Amino acid sequence: MSDSTRDLERLSDLAVDRLLGTLSDEDALEYRRLKGRYPDFDAGDLERAAAALHLATGIGAEPMPASLQRRLLDDGIEMFSVQRHEPPTATHGTHRGRWQTMAGWLAAAACLAAAIPTWLERSSPPIAPPLPPLAQQTVKSTADTGLPQPVASVASGASGATSAIPDPARDRANMLAANPHLLQRAWRPGGDPAGLQVSGDIVWDPASQSGYMRFVGLRRNEPNAEQYQLWIFDATRDARYPVDGGVFDVTGRKDGDVIPIKAKLPIGVPLMFAVTIERRGGVVVSDRERIAAIANTT
Amino acid sequence: MGSLIDDSDEPLLPRVAAGERLAVQRCIRRYGPIVWSIARRLSPTPADAEDAVQDIFLDIWRHAGRFDRKLGSEKVFVAVLARRTLIDRLRGCKWRLRAEIPLDETWEHEGPSTNRAEREVEVDEARQLLARLPELQQRVIALSLAHGMSHAEIASSTGLPVGTVKTMLRRGIARMRALVTPNTDCPIADEDRA
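Line by line, the protein sequences are chains H and D. Residues in the first sequence are numbered consecutively from 1, following this note's numbering. Residues in the second sequence are numbered consecutively from 1001, following this note's numbering.
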């Protein structure tokens, strides 16, 4: 058996574990390594196979509760009638009142649209220009290789430039050094007590659609209870549906946390970045009751 | 409202993608019972299952335009989305799994140029495959896929070593993959019948 055959069989095994949700952290690293080596490997085939087998196990088809069906029908029709051309931008909600909350988004659209200019009136001043370039080439974040990688907080600080360990702080510094024209704005408190002392900044590269958040003074979260979530308001999109920028954790270390941005859709013209506190895993639509930090771009 | 279950074969997802209200309604009627049935077994509580079903239908509507009949049936497409959401929720890694397996990777690649356009038989093929497997392997697959049990939980339930559970699952799904994906070599021989 050749090495590549052995690798592909191992990759297939790991992909199965992954789609079953049973991939260990150690195996996840191996999966990423092998997936990087064999980018044409299609896990989608396995996912479809698992779904077909699942349907074949005799699960049947049980009528939904009438109340649930009515809710889906009513809200589905409402959703398509309202946003036929602009489906929601985030799909990770878990809380029970999601549809009601979405309706709340829709109902609050006018308020949100009005709120943005209000927030912009207190816009953050641009950060001073970054230091002169340290390198002449753009260093691509290891978090943006397209490989599986959770959004994780990493304390800022220097590390070996050649280290293979993901280091958002280092990658952020390299990004700034390589491109002095990046969008860089300061965080300011959003009103929630967790962000009262927040400082730091956000760096966004429109060309690569990547960036980093750096937080100092943002309160450490308890990941099992709640997590921070980034929302990006894009001038080219419906203001009712900010783009989901990723769920993340903050350690609250004095030297700060640097988190890569994981925008789920292309960002045209970012107007504002807002960090909310949500339940674990994030939400589809934020009720914006707990805004921890805001960074305006104008 | 009519029957709660729509068993017709008329394609719905392209119409859903176009925003047809009637198609949205029929999509819920046709696939709601299947999604609900899957969700009930992969959710800790009925309330959680209802939440999950709402999430799943949101995904269905968002991605309806990406459905490619050449790659499989609507039912399997829906089941993929349902499983993804439910496994995410069950394992507490919802965000990560979604981020790591973009839908495009699953549904927007160029499939084999075989005549799959008329095929909506994956589930029948899967039933036939299951029937050919040893009863214990069938049980392991059902406990994992339909009930979301971990390897350790299945091992505890069946008395099998964890490694054997893993092997049975991997081989079972790999065999199914070979069936639904023409030109894919099946790495699994008949030894897993033993």
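Hints are computed from structural coordinates only; laboratory data are not their basis. One thing to keep in mind: the hints can contain errors.
Said to hold, decoys possible - Covered stretches of chain H, going by a simulated chain D footprint (3 or more residues, C-beta under 8 Å): (1) 9-18; (2) 43-49; (3) 66-73; (4) 283-296.
What the hints assert, rightly or not - Stretch by stretch, here's where chain H covers chain D in the computed footprint (C-beta under 8 Å, at least three residues): (5) 1038-1044; (6) 1065-1076; (7) 1153-1164; (8) 1167-1177.
Values in this document were obtained by computation on a predicted structure and should not be read as measured data. Cβ atoms here follow ideal geometry from the backbone N, Cα and C, with glycine treated the same way.
Indices of hints not satisfied (ascending): 4 and 7
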